[in-house]
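Protein sequences appear in the order of chains G and U. Residue 1 is where the first sequence starts when you use my numbering, and the numbers rise one by one after that. Residue 1 is where the second sequence starts when you use my numbering, and the numbers rise one by one after that.
None of these hints come from the bench; they were simulated from the model. Computed from a predicted model, the values in this text were never measured in an experiment. Certain hints may be false.
Taking lysine-lysine and the DSS-like style, the derived pairs with C-alpha atoms no more than 27 Å apart in a straight line are [unchecked claim]:
hint, chain 1, residue 1, chain 2, residue 2
1, U, K93, G, K26
2, U, K199, U, K26
3, G, K175, G, K96
4, U, K93, G, K127
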Amino acid sequence: MSELQQTNPVPATAKWKIPQEFLTAKSATYCALFLPLAALPLLIDSSFVYHIAILVCLNAIITSGLGVIVRVDQLSLAHGAFAGIGAYASALAVIKLGVPFLLSLVLAALAAGVAAVLLGRLVLGLKGVYFVLATFAFNELFRMIMLLLPEISGGTNGLSNIPAAEIAGLEISSKPGFYIFIALALAATLLVVWMILRSPIGRAFDAISGNLPLAQASGIPPRRYQILAFTSGSVIAGVGGGIMAAYVGFISPESFTFWFSVNTIIMLIVGGRYSIMGPVLGALLLTPLPEVLRSTGQLQQIIYGVCLIAILRFMPGGVSGLIDRFAELMSGRK
Amino acid sequence: MTAILEVSDLTMRFGGLTALDSLSFKVNDHETVGLIGPNGAGKTTAFNVISGVLAPTSGTVHYRGSAITGLPTHRIVRHGVVRTFQSTSVFAKASVLDNIVCGGFVNWETGFVSNLFNGAKTRATQAAARDRAMELIRLAGIEELAHSAAGELSYGHQKRLGLLVALAASPSLLLLDEPAAGLNAEESEELAEFIRSVKQQLQIAVLLVEHHIEMITSLCDRLIVLEYGRKIADGPVAEVRQDPRVVDAYLGVDDDDDA
Ligand SMILES: Nc1ncnc2c1ncn2[C@@H]1O[C@H](COP(=O)(O)OP(=O)(O)O)[C@@H](O)[C@H]1O
Ligand SMILES: [Mg+2]
């Protein structure tokens, strides 16, 4: 065999070492930004602040899932449906079968995952706008099917008797308790997304979105990775939906319309779709906005739209794009 | 010599246009074959069909005895057939090194769980892929560019990177679609030298589409000439170059000043 085809022995690496990727100016900037912010609600200790903080975390989790899906250049308008599938799976498991809360989230993940694999196989061959339309249709289909099955879904009345979340006999329905739980859930979600994206799987995602013909010519099976991205992202949405059901205590088919998907997309784009922290930033900026803008009435939608256009036009990397640039400046690179 | 690639009766129609018309030819192990013909003759289409980008209207492609007709590209790559693109094609945002690592995907595909937890197997294959990419970079003599973004390279360097990305997939048959297009005489000479040394080190077969006649003459063992999707000549370079039909159809008219 020629010299070129030999593979070199791999240098032994220490088993438990903080991965290099953690120790960057970027991650330092995000930690400096978010750790105090995460502690803030506990210090202020107001029910309203807890409520907003919980919604921010919930939106950040769900948007993170969409962030994985767009890595392979697919924009899903079915994200709301997958959150809904997770929400109903979890709520029904708790109500009808008395399943513990955490286990019900596993069921939510499974239900969303199975649905995503099935839908993914069907529509992931579609290109660009056709894929977007197919996912839009799926979201509407989900809503309609749920409305047609009132015995399961509660119909237009929804399910309103969802018991408070309980972990190991510890009720976490109090606002501080639920906030700590959901903040940890968000941290876990971000960790999983980080693990996926820094791995060879993430490399394959980037290759597919960067140059599809070349990725294929390099032996990367695009469908497999597109389904993987779609399923992982939809599973995250499903878990988010399950948590949402437990927090709000009420879900109906109207909770998961296609507007749910659209709002998730907006949060992702505003926050920045190229960064793991983008969804958190997007949720942080946009979740409180309706509360803040409530007094402006109809103007709310217009302000929302103008902000979005401005961001699309001037910061394609979203807010996280700005922070990344700031971190690069701080670390002395140009 | 044994034939590794066997193309039989390949026809490719786009609506009313017949881009390939019952094309049959073979490529032997370790052989370098030139596939030439005027623009629009169907050379790139032949590559697209062989590499699985297009499914042919009819006909078959066999590689080392297996039918690969109509398989998806990523599976054909696993048989050892790897192609480059006529236009530059790189992962623009990634570094040169990462481009080549990506090109070697078939060598570092590890299990999902190992990947997710960056397990020993994943670390080992990733390190091996990087080492191999560095070797290819050294072989091409572009060490100073290893960490530059591919999209910022010059046209010539991007063309060469395309070749390295393909080599990273460990081909046994390399399909090169106009690798010297747009390069000046000196650069083409360098590229020819590079292809020669790669061929010699890796012992692979090459199917080369090119217009630079010097490059073809210096590299190829055999020439196949296409015109309107049909094969009009197939034989040793010196012989084909004398063939009056070939001179008429191609060589005599437009030499190497194609776009
Ligand atoms: N995807 C396609 N759809 C329609 N026509 C095509 C396609 N690809 C190639 N052709 C046509 O097929 C013919 C052969 O093209 P091509 O294989 O690119 O030629 P060459 O590479 O020899 O210059 C041309 O007439 C071209 O316009
Ligand atoms: Mg061509």
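Status of the hints after comparison with the structure:
| no. | hint | in the structure |
| --- | --- | --- |
| 1 | U:K93 x G:K26 | holds (18 Å) |
| 2 | U:K199 x U:K26 | holds (18 Å) |
| 3 | G:K175 x G:K96 | holds (25 Å) |
| 4 | U:K93 x G:K127 | holds (22 Å) |
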